[in-house]
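Undergrad: Okay, here's what each chain looks like letter by letter:
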Amino acid sequence: MESGSSSSSSKVLMENIVDQPHVLAVDDNVIDRKLVEKLLQNSSCRVTTAENGPRALEFLGLGDHRHNALEGNVSKVNLIITDYCMPGMTGYDLLKKIKESSVMKEVPVVIMSSENVPTRINKCLEEGAQMFMIKPLKQSDIKRLRCHLMNSRS
Amino acid sequence: MDRNQLQRQVALMRSSLIEQVPNPSLPSLKLLVGYLDEQQFLQLEDLQDDVNPNFVEEIVTLFYKDSARLFHNIEQALKSRPVDFAKLDNYMHQFRGSTSSIGAIKVKNECNQFKEFCLAGNAEGCARAFQKVKQEHETLRTQLETYFKLRRQAGLAETV
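Those protein sequences? They're chains A and B, same order as listed.
With numbering that gives the first Met the number 0, the residue at position 134 of the first sequence is 133, and numbering never jumps.
With numbering that gives the first Met the number 0, the residue at position 9 of the second sequence is 8, and numbering never jumps.
Looking at chain A on its own, in the form it has when it is part of the complex (with noise of 0.2 Å):
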């Protein structure tokens, strides 16, 4: 449920990411899909799930179909973890795609990733990734980027 106060956005972004922060999961892996999310909601996250970077995009109301332009100011994730290896648009392509955006570029992007590829991995932190993350994802990973970001935001 969105907060419908327009005139404390950043103070709306701040309080969620401390108490219960709305998180944005893409990975085109199922079993993938299901072990982030439970991870995510075992540290009081709430979690939307998408299967690629374009049903991403379409969440985010970055898609084809830009029906959300005026919502636009209030952000409605305050993180989003995605996958390096999908087919089509890769979590790089889809990081890339967020930090163009006027709206959600200020959202931390964290890629993960079953390979660790230095390369890669600058290539992200580059682009403008908070982190990168190897999988699989243990709990200690998720604490730690929930600290990361806390930390980010003061």
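Hint data in this document are derived by calculation from the structure and do not stem from the laboratory.
The structure presented is a predicted model; accordingly, all values stated were derived computationally and were not measured.
Beta carbons are placed, not taken as given, at the ideal position from N, Cα and C, and that holds for glycine.
Possibly wrong hints are sitting among the right ones.
To be verified - Derived DSSO-like pairs (lysine-lysine); straight-line CA-CA distance at most 30 Å:
{"#": "1", "chain 1": "B", "residue 1": "107", "chain 2": "A", "residue 2": "33"}
{"#": "2", "chain 1": "B", "residue 1": "131", "chain 2": "A", "residue 2": "33"}
{"#": "3", "chain 1": "B", "residue 1": "133", "chain 2": "A", "residue 2": "33"}
{"#": "4", "chain 1": "A", "residue 1": "137", "chain 2": "B", "residue 2": "148"}
{"#": "5", "chain 1": "A", "residue 1": "95", "chain 2": "A", "residue 2": "137"}
{"#": "6", "chain 1": "A", "residue 1": "137", "chain 2": "B", "residue 2": "105"}
{"#": "7", "chain 1": "B", "residue 1": "107", "chain 2": "A", "residue 2": "142"}
{"#": "8", "chain 1": "B", "residue 1": "133", "chain 2": "A", "residue 2": "122"}
{"#": "9", "chain 1": "B", "residue 1": "86", "chain 2": "A", "residue 2": "33"}
{"#": "10", "chain 1": "A", "residue 1": "122", "chain 2": "B", "residue 2": "131"}
Stated by the list, open to error - Now the stretches of chain A that chain B is said to cover, found in silico as 3 or more residues with beta-carbon under 8 Å:
{"#": "11", "stretch": "27-35"}
{"#": "12", "stretch": "125-139"}
Use these hints to put chain B onto chain A, whose structure you have.
TA: Leaving out everything else, chain B in the frame of chain A:
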């Protein structure tokens, strides 16, 4: 079998699935040794709570449903001429990711073998490696089914 006995069986089976050292007092459990990565599988179990008491079983069910689809794709790709190794690698990458997420180390190791043959463009090698993947996959399924059944029995016994 009373509740305590059932719970002991569940615990023993679980540790046999995970640990490298078989429990000598239960010879049938020797077959189960080392199928699952301790860290990962225990992590899955840690995610179970009152809201999702059967989370692990749900994930495993989902895994087998999804792997059926991927196996079908792999089989088709292995039959086609010429063999599309990029496609094969793709499908196997997907499957391997899932095995890693549930901690199925033996299955994952066979996936790694498959990948080697794929990279080398060796279709016959891929086909052989795939047979091994399927074998380990089936063996694990049987063990897990027994494990979950025992677990349910132990759980049911608690409510009596």
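Undergrad: Run every hint past the structure and note whether it holds.
TA: Verification of the supplied hints:
Distance restraint check for residue 107 of chain B and residue 33 of chain A: the Cα-Cα separation of roughly 20 Å lies within the 30 Å cut-off, and the hinted pair is therefore satisfied. Using a Cα cut-off of 30 Å, the hinted pair residue 131 of chain B and residue 33 of chain A holds, with the two alpha carbons roughly 27 Å apart. The straight-line distance between the Cα atoms of residue 133 of chain B and residue 33 of chain A is roughly 23 Å, inside the 30 Å bound, and the hint therefore holds. With a C-alpha separation of about 26 Å, the suggested pairing of residue 137 of chain A with residue 148 of chain B holds against the 30 Å cut-off.
Of the supplied pair hints, the one linking residue 95 of chain A and residue 137 of chain A holds, its CA atoms being roughly 26 Å apart against a limit of 30 Å. A distance of roughly 20 Å separates the Cα atoms of residue 137 of chain A and residue 105 of chain B; the hinted pair therefore holds under the 30 Å criterion. The suggested pairing of residue 107 of chain B with residue 142 of chain A holds, with an alpha-carbon distance near 27 Å, which does not exceed 30 Å. Restraint check for residue 133 of chain B and residue 122 of chain A: not satisfied, since their Cα atoms lie roughly 36 Å apart, outside the 30 Å limit.
Restraint check for residue 86 of chain B and residue 33 of chain A: satisfied, since their Cα atoms lie roughly 25 Å apart, inside the 30 Å limit. The hinted pair formed by residue 122 of chain A and residue 131 of chain B fails the criterion: a straight-line CA distance of about 36 Å is larger than 30 Å. As drawn, the stretch 27-35 of chain A meets chain B at 7 residues by the rule of a beta-carbon pair under 8 Å; at three or more, the given contact holds. Taking a C-beta to C-beta cut-off of 8 Å, the stretch 125-139 of chain A contributes 4 residues in contact with chain B, enough for the three needed, and the coverage statement holds.
Comparing the model with each earlier hint shows violations of hints 8, 10; every other hint is respected.
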